[in-house]
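Peer 1: Top line first, the protein sequences correspond to chains A and B. Okay, so the first sequence: first residue is 41 according to the numbering used here, each after it adds one. Okay, so the second sequence: first residue is 13 according to the numbering used here, each after it adds one.
Just so you know, the hints here were simulated from the structure itself, not pulled from any lab data. Model, not experiment: these values are computed from the prediction. Glycine included, each C-beta is placed from N, C-alpha and C at the ideal position. Don't take each hint at face value.
As the list claims (entries may be wrong) - Derived DEER-like restraints, expressed as beta-carbon distance ranges:
#1 110(B) with 150(A): 31 to 41 Å
#2 142(A) with 16(B): 35 to 45 Å
#3 61(B) with 208(A): 50 to 60 Å
#4 17(B) with 81(A): 25 to 35 Å
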Amino acid sequence: MQALYIIIGVVIAFAVYAMGVYNLLQTIKTRIKASIQEIGNQLKRQASLIPNLAESVKGYLKHEKGIFDSLTSARKAVEAAAGSNDAGKISKAMDQMSALIPKLQVLVEDNPEIKGDSIVSNLMNELRDTADKLMYARRTLIDLTADFNVKIVTFPSNLVAGIFGFMAEKGLDMPLSGDATSVSLDETKDVKVKL
Amino acid sequence: MQNVFELVDANKRKSSLVVAGFIVFVALVSWVFAVAYGYDLSFVGIAFIFSGLVSYVSFYNSDKIILSLSGARPADRQKDFNFYTVAQNLSMAARIPMPKLYVIDDTALNAFATGRDPQHAVVVATTGLLTALNRTELEGVVAHEFSHIQNYDIRLMSLVTVMVGMITLLADMFLRMSRFGGRRSRDTDNQLGTLLFVVGIILALLSPFIAGLIKLAISRRREFLADASGAKLTRYPEGLARALEKISADQEPLEAANKATAHLYIANPLKNHHDSIGWFAGMFNTHPPVAERIAALRSR
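Bound conformation, chain A alone (with noise of 0.2 Å):
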């Protein structure tokens, strides 16, 4: 008789427990899709901020014209994209965005006599702002990631996760080979500034 009671009261204690970390995992999952769609919702603002931005140093640049070709077609990708909430087709947007941050940034450094004026320090910084936006987006994305994974491979929470059938989440997309994780003998050099 003891010993049922005692059986009972572990199934209890654990079924409170599995309780505890099912929600948790639930409450994670639903937090990943959110931080998903924060970095569309932030590629949304750079798409749109950034056309208006170069529309305003437009007078200063005619000469660049290819720029603000390429911009406009990332900036119809990133609105494909970011209705989506497919984390894969958005940070395909995102490069394709990203890419164009630091040519917009040597071209105003190749334009020093535009440099002081305050339209183009305002680019500037709000360039450097929405490239931290989005960076602190995708943070928040690898952090409930890894929060997640961790629940699911460790004990005893992983055997919750298991009889839910909880798969592991994958963030970020990153390539796993190539250049992105291998460091070349280049890279190991000291490295050199010229002016």
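Since the structure of chain A is provided, determine the placement of chain B on it from the hints.
Peer 2: Frame of chain A; chain B shown alone:
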């Protein structure tokens, strides 16, 4: 080592302790007052209600009181672009609502956070800080303040500020009052004797109480911890380390700070104050040495 949740609990517990201590203290003082002057004991009751009311008001309004004490204006996205946007980005990273931002027009380099919880938080920086630091360094400082918000340090620190301020104010008022009273009744030795007795008791009660309050609020670990979790937020401890270097190189005391608000700031605002206020700050050692904090940040 405490984890974050225990830390938040400890801060909330200490906050309640501060409020309870304040109410008991006021009741005690009013009792001494009542006995010495032969007032009715209902006076104690009135003081009790008064202190309860004060605690209630200061819990919900400590941020506003402190802001008005330090003479800050709201930050503007146009004018304080880096401050505003950095706070926006970090609140996203820390997953807390964006705090209200204020700026003190002072060339000294300093910053603090106040409020009662992450939903009602305020971050204040001086214009000196905003102009002297670049964006990366400012990010470090704001992240440090955000850690104080997340850990509920702000609730405890703000309550202590308001309570200490209130008691100092009451004590000053009382001392002045009794001095006037003393002059008028100089011929009656007996009354003067009672008066001195009361003043003595009050002072004896007051100093350890204020000392205890301040000790509750300051802890070297609190600052080190905020540095560490701030660095975790930006993933760039060097930013805060450089900011601290710049802040410690600045020799100017902050005009708006006083002994009640000193412990709120990221770096001691009372340095080079060669008067009783500076002595006070030195005695309590409200801030750990900046050099130690920078070393801790760089050791990671």
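Peer 1: Are the hints correct? Go through all of them and say.
Peer 2: Hints and how they fare:
1. 110(B) with 150(A): 31 to 41 Å: holds, 36 Å
2. 142(A) with 16(B): 35 to 45 Å: Holds - the Cβ-Cβ distance for residue 142(A) and residue 16(B), about 37 Å, lies within 35 to 45 Å.
3. 61(B) with 208(A): 50 to 60 Å: holds, 59 Å
4. 17(B) with 81(A): 25 to 35 Å: For residue 81(A) against residue 17(B), whose Cβ atoms are near 30 Å apart, the range 25 to 35 Å holds.
Consistency with the previously given hints is maintained throughout, with no hint failing.
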